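Enquirer: Mind docking chain B on chain A? Use the hints.
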Amino acid sequence: MSQERELELYFGPQHLGMVGNFSITLKVEGDKILEASANPGWLHRGFEKLMEYRTWIQNFPMVCRINVVEPDSMEMVYAMAVEKLAGIEVPERANYIRTIVLELARLVSHLFGCWAYANMLGFDTVAQWAMYHRDLILDLFEELTGARVYHIYIWPGGVRRDLPEGFKDKVLNTLHTIGSCIPDYDSAFFNNRLFYERAKNIGKITREEAKRLGATGQILRATGVKYDIRKIEPYAVYDRVDFEVPTREDGDAYSRIWIVRDEMIQSVHIIMQCFEKMPRGEVYNKVPNPFKWRIPEGETYVRVESSRGELGLYLVSNGEDKPYRVHFRTPSYPHGLVILEKLLKNASIADVGNIMISLYVTAPEIDR
Amino acid sequence: MKEKSEVKKGSVLKPFKAIKYLFEKPGTLRYPFEQKEPSPRYRGFHLNDWDKCTGCGNCADICPNQAITMVEIPEIKPKTGEKNERPKIDYGRCCFCGLCVDICPPGSLRLSRDYLHIHFDPGTFTLLAKDEKTDKEHFLPEEKYSIFQASLAHRKTDNEGFVSDLKYSLFEPERVPMPEVPPEKRVLSFMEQVLGYSREEAKKEALRCLECKLCEDACPAHLKISEYIKAIYEDKPDESLRKIFEDNPIPAICGRICMAHCEKACSLGKRGEPVAIRWLKRYASDMVEDYKKALGVKPAKSTGKKVAVIGAGPGGLSVAYFLRLKGHEITVFDSLPGGGGMMRIGPPLYRLPIESIDKDVNYIASLGVKFKFNTTVGKDILFEDIYKNYDAIYLGIGTTVSRSTRVKNSDKAYPALLFLKENKIGKGVKVGREVIVIGGGNVAMDVAREALRLQHIQYPGEKVVTKTVSLEDWDIMPATKEEIEDAKAEGVQFNPGWGPKEIKVEDGKVKGLLCMKVKSVFDEQGRFNPTFYEDKEMFLEGDMVIEAIGQAPDFSFIPKELFDKLEFTPRRKVKVDENGKTSLPKVFAGGDIVNLNLDAVTAIADAKRAAEGIDLYLKGKLK
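These protein sequence lines are chains A and B, in that order. The working numbering applies: residue 1 is where the first sequence begins, and numbers increase by one. The working numbering applies: residue 1 is where the second sequence begins, and numbers increase by one.
It is worth saying that the hints were derived from the structure and are not from the lab. Hints should not be assumed to be uniformly reliable.
Dumping the calculated DSSO-like pairs for lysine-lysine here, alpha-carbon to alpha-carbon at most 30 Å [stated by the list, open to error]:
{"no.": "1", "chain 1": "B", "residue 1": "K167", "chain 2": "B", "residue 2": "K156"}
{"no.": "2", "chain 1": "B", "residue 1": "K224", "chain 2": "A", "residue 2": "K286"}
{"no.": "3", "chain 1": "B", "residue 1": "K52", "chain 2": "A", "residue 2": "K286"}
{"no.": "4", "chain 1": "A", "residue 1": "K286", "chain 2": "B", "residue 2": "K293"}
{"no.": "5", "chain 1": "B", "residue 1": "K230", "chain 2": "A", "residue 2": "K292"}
{"no.": "6", "chain 1": "B", "residue 1": "K293", "chain 2": "A", "residue 2": "K292"}
{"no.": "7", "chain 1": "B", "residue 1": "K224", "chain 2": "B", "residue 2": "K213"}
{"no.": "8", "chain 1": "B", "residue 1": "K430", "chain 2": "B", "residue 2": "K481"}
{"no.": "9", "chain 1": "B", "residue 1": "K467", "chain 2": "B", "residue 2": "K185"}
{"no.": "10", "chain 1": "A", "residue 1": "K322", "chain 2": "B", "residue 2": "K236"}
{"no.": "11", "chain 1": "B", "residue 1": "K481", "chain 2": "A", "residue 2": "K84"}
{"no.": "12", "chain 1": "B", "residue 1": "K359", "chain 2": "B", "residue 2": "K467"}
{"no.": "13", "chain 1": "A", "residue 1": "K84", "chain 2": "B", "residue 2": "K156"}
{"no.": "14", "chain 1": "B", "residue 1": "K619", "chain 2": "B", "residue 2": "K305"}
Residues from chain B shown here face chain A by an in silico Cβ test under 7 Å; the list is partial [as the list claims (entries may be wrong)]:
{"no.": "15", "residue": "G10"}
{"no.": "16", "residue": "A18"}
{"no.": "17", "residue": "C95"}
{"no.": "18", "residue": "L170"}
{"no.": "19", "residue": "E174"}
Only a predicted model underlies this, so the values are computations on that prediction, with no experimental measurement involved. Ideal placement from N, C-alpha and C gives every residue a C-beta, glycine not left out.
Same shape as in the complex, but just chain B:
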């Protein structure tokens, strides 16, 4: 090693020893007759599974060479949570770094071990990446493949190279866990179950968002989700709230109970957990004490036009907010003592506290919207009078009547809405020790979980049971997975796939529910039409039955001569045009009486549409 300056001058003859290499096997390959097998991780041409690809475009965004463009594919029908765009790669630019693979949330984009492209036409250098699943023509099995024709249109099947691995991905597949009250503690009271993110947690969760905006397409109200999440990441909750209010004036409510269609679309949810968009919205609204100061929005100059909004639910509140900002005079009528509509009575306190509702409602009121609470239209004030005295009317009445199973003795059952309302804003309900809830939707979950809490409060230390019976089996149960999991964790028992036959009553007291096995819930056309095995029966013991099988609207306040003019769709929804206008002159509508989604955010979307329509109507631009 440390041969100092005393260097050997070397030999003249010894180098000839190298002659022996003449007789050894050469190291070079006789290409193309001898080929080198690329390594299993080889980074060659792209493969893309079109079925898994969501068209989110993250690959195109990360590409340092702008080699990837998203191309619209007309054959692919756009679905919620998916764009009909697929990446096209320009191999004149691609440097085969594989960043696109590491950022691909569904893991559809991969690199293959193909690297040969022999062609006379430089135009063939671009490739709409596919794989053997969707492109049988250009991906050939070993026996049909020839290296002399190797090109982007002549490739091997089953030749995957560098693939995505969640452990090494450039995104974070796991959510920042939301602090929650543990099930065994929360069933003992009505304290809010979800505690909300801290500043650090919210920033960390906001950081996960890749800004592909699939969620914004999926949201019925098209909130600018990626922008408000970005503002949270940048620690600007005011800015975030401003972005939210552009499309949704009730963030404190929606941040808690929204059905979060956006999260179902989130590209990160394809292999991991979606960004907690709803909780981030809640964070933005919770962080801002004073909406008015943070938003700094003022209504436009008064137009002198008067609009009546019937129903102070999410839709009514939104339409009031949007129209008030345009300078119209708004009066909101509602039979409840406060705003929120179904939100005020439906979601139990552990999901949506009254203070959160009032925070949103008070802000809207502070803009000059007049609220007439405890006013039932048709009783305290006549619809005819409203119809006469206002320039436009918005019907956001929702579905307020609980449906009944109409089985024998169903009059002994407690209607879900009444149960929820009494507990949330009324005197409370005395529950039984063994409660049976009929239904498998989110309202049924609310009822069951609330009943369980009441049982624990009213019978401390005693053995209490709450069970649900639903027509739908686990796979088609309409309640969200989250709700079902939470209910299970709290101890609610489930009996999926059973339908009610009769409520057994003895001496005027409920003894239990007789059920029969469900054959099918939907008929061949996909309509709700349950059939049963009459002979397969089950008896559930219980001293209280609550029916939570859906609600219907109540139009009784509209006088007959006007109601007859109101048109409905075949599915018994109020018919509205693209401006939210009904067949009645100057009456607009939205929410559960119009759409089939039956949730708050769709009501807001309807309200946004109707607010634009009403504004045009009031300006005389609409017939």
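This is chain A alone, in the form it adopts within the complex:
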């Protein structure tokens, strides 16, 4: 009899509540989920393999595409690995510019996350604000790099071009515009009773479990662990700017989204400090001729704090003009497969999207 009570339900990739090319197969009994199995293969592009067939520089237009939402941390991690293997120095000014870009990218990603989450819960007004504000930052990226989404801006040896004239003022203006809306965001979303009711105690995970399952980013920090690569293993100029790592104790969806909100404010602080401290000078140390550039044999693992957690890259060179092996450690992998499946157990169908988006899963980076 029990078999007839169970039902297999497909959530995504065409489901309205699904964000991204991702699907979950649910086994439900009534409204209760008995078992969930995530299927990320809808956006498999074989990047890691493709990168073995392209030269070091030709891989740059590729790495950023692994994560649509925040391409810059991908560029950064690849540039860092290449620099480490090839022994390339980065000018000081470029490090500051990189930090600014990475924090702007974090803002873009977080605003996008707010859009997704607000949209999912039906707070369409807030979602539209977030989308609009994200677009304002994309305008800044367009100004800086010439492209809105795939910037291909951070590369080995520094950054691809210096800041355009008047860029600082434009950034500060935009940040001011967004910042002045924080009270509205708060009243309409973060301090909204409906949001509280909808997100509190949903998708709860304990500190031990989060650690055991490889959670990083907001998911781990929402359980009270101050784990942030920018502090643990500072790269770019994170050791020279002052910022805090927001944490919360409850480990539920509500805490995670509040951490996202607080992190955005920290990002703004970091950007302001970078503009203040940034020295003049070069921004790019030339890399060798891309057609002949060979990187000495070696392997390395580098990591950065992306907007969703620890992003790592294991890169092996066997002395050729192309990488021998590329492997990314992307935060969405444990979040979107292991933790999601676990948290969905015994949840209700109405909370599937809620939990998934609170975990900040970006489908393209799960299956590279």
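Expert: Below, chain B without anything else, positioned relative to chain A:
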């Protein structure tokens, strides 16, 4: 910030404050009536300046998506240093990364701020990139542009976006500086001016090469330049030398004095400095002590055919080398005491030391080529005898007689070749304190710079002057820029745009040169035909005049009945067919008596052609 678990449950009413946004200006644009202006660096569709584009194809090579193909454009006439190919972009593949822009050596390829393509036909997704300069039809000024028709064939003028910047380019526009002896030191002796690259420097310079191979098309002998440079980068000088020897058997000579047509074609030279191809060739030959061991080449089995080569210059040496490898018996005749021909007497020691010449010549001799030096054909051995006793003959005699200005008292002037020869392999010349060199070519530069050195050696500490007089003004002076700069740095004085009128002589001694102002050097047909302002005169004081205005060949060794059968072109060059064969049976020719380039590498190219021709002839495949 650190609000702990004590979370506020939030308000139900406060969210309604958001209603105020109803009365604010919406953030969205009412496209297409309201448009967003793309940023100045925007990476949109491509623009390509066809006049600047060299067709090098680096954009197609770097493209990670293989979106760019090079398409041959029949309307563009191929020039040296340029291919008649232009990039075509497939926007189904392009990811707008702009790597093509950053690798473009002439900076012709740019990205525009256009990004709209509205069309029903997916076939229109490819674009042969042009810009408003060459495509007036599809690039429209603001008033004629309509966003409703925006497509790859309906674009705005003056809409440049992401452009190339040398500071951020993916190639290195600057050369690794070549270590040289400074001018004030080098004028005091004949030590070699260019010191040559060290291993690290050579590797670094070789790394700059983008492998577009424009240089290989420009080189008369079509050396596999990109391959031998790559071998140097990979630290394999032996391999590099093997590649060089496929087309040029005298790298130590050419690596020093080649006219480097390749460097003029190098795509990096369009906005920066070309790859130092010549110095890299020199590096490869200098690095290998023993050619024979490194190359490991052996001549083919003997064919028993005998070939006589007259003249051991670059052409004669090359033809001897290539034919020897094919198994023929080669004898080279030359009146000089060693190989190299004009290279042995022409380029002064500070440019080409005798040891470097002998390194190449000795290797060719070691392959079994017989050299008969100090043998003047027509005097020590008769041409008729050679003609009778050998199966084929190659004339690589070059131009050995200095031309004279034939002005009054020109018999008092010193001929350039004699001057150079005496100094390089003879007893040396006693120079005057004030030397006047007539001529503006590379030989004149050699003579002037050599005279200056001799003056410093012969009159230490005294005031000495060397000046040149040339018909050509700065802009058309035939000497290479490099030579002119070096001569200037050493202190040679220049008088461009003046022609000699008379050498003033008093009591049998040269007192100076009377010059007249040049009106024009070439006539309307572009032929050399100088005209002067007879009334505008200038007198240059001097106690020695050297004429370096060109050389002519000497065919006196060929008996009249054979010489009459030898055909010439209208420009007084020996006429040869596509196999290098002259109108005389079994006689082939090449070098300065055949081509108009008058340099070593063209002589090698002629020799390569003639070697193939002679081989076919000896096998009976050629009449």
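Enquirer: Straight-line Cα separation of B:K619 and B:K305 no greater than 30 Å?
Expert: holds (9 Å)
Enquirer: Under the criterion that the straight-line Cα-Cα distance not exceed 30 Å, is the pair B:K293, A:K292 satisfied?
Expert: holds (28 Å)
Enquirer: Next pair to validate is B:K167 with B:K156; report whether the Cα-Cα distance is within 30 Å.
Expert: Between B:K167 and B:K156 the Cα gap is close to 28 Å, so the pair holds against 30 Å.
Enquirer: Quickly compare the C-alpha distance for B:K359 and B:K467 to 30 Å and report which way the hint goes.
Expert: Since the Cα atoms of B:K359 and B:K467 sit roughly 35 Å apart, the hinted pair is violated (cutoff 30 Å).
Enquirer: Compare the distance between the alpha carbons of B:K467 and B:K185 with 30 Å, and conclude whether the hinted pair is satisfied.
Expert: holds (19 Å)
Enquirer: Is the shortest C-beta separation between B:C95 and chain A less than 7 Å?
Expert: holds (5 Å)
Enquirer: Within a Cα-Cα threshold of 30 Å, do A:K286 and B:K293 meet the stated pairing?
Expert: Answer violated: A:K286 to B:K293 is near 39 Å, above 30 Å.
Enquirer: Are B:K481 and A:K84 close enough, with their CA atoms no more than 30 Å apart?
Expert: violated (43 Å)
Enquirer: Would you mind confirming whether the straight-line C-alpha gap from A:K322 to B:K236 stays at or under 30 Å?
Expert: Judged against 30 Å, a Cα distance of about 21 Å means the pair holds.
Enquirer: Is the hint on B:E174 kept, meaning its closest Cβ partner in chain A is under 7 Å away?
Expert: Given a least distance of 10 Å, the restraint on B:E174 is violated.
Enquirer: Under 7 Å is the threshold here; is the Cβ of B:L170 close enough to any Cβ of chain A for the hint to stand?
Expert: Nearest chain A Cβ about 5 Å off; hint holds.
Enquirer: Given B:G10 was flagged as interface, is its beta-carbon under 7 Å from a beta-carbon of chain A?
Expert: holds (4 Å)
The structure fails hints 4, 11, 12, 13 and 19 (numbered hints given earlier, in ascending order).
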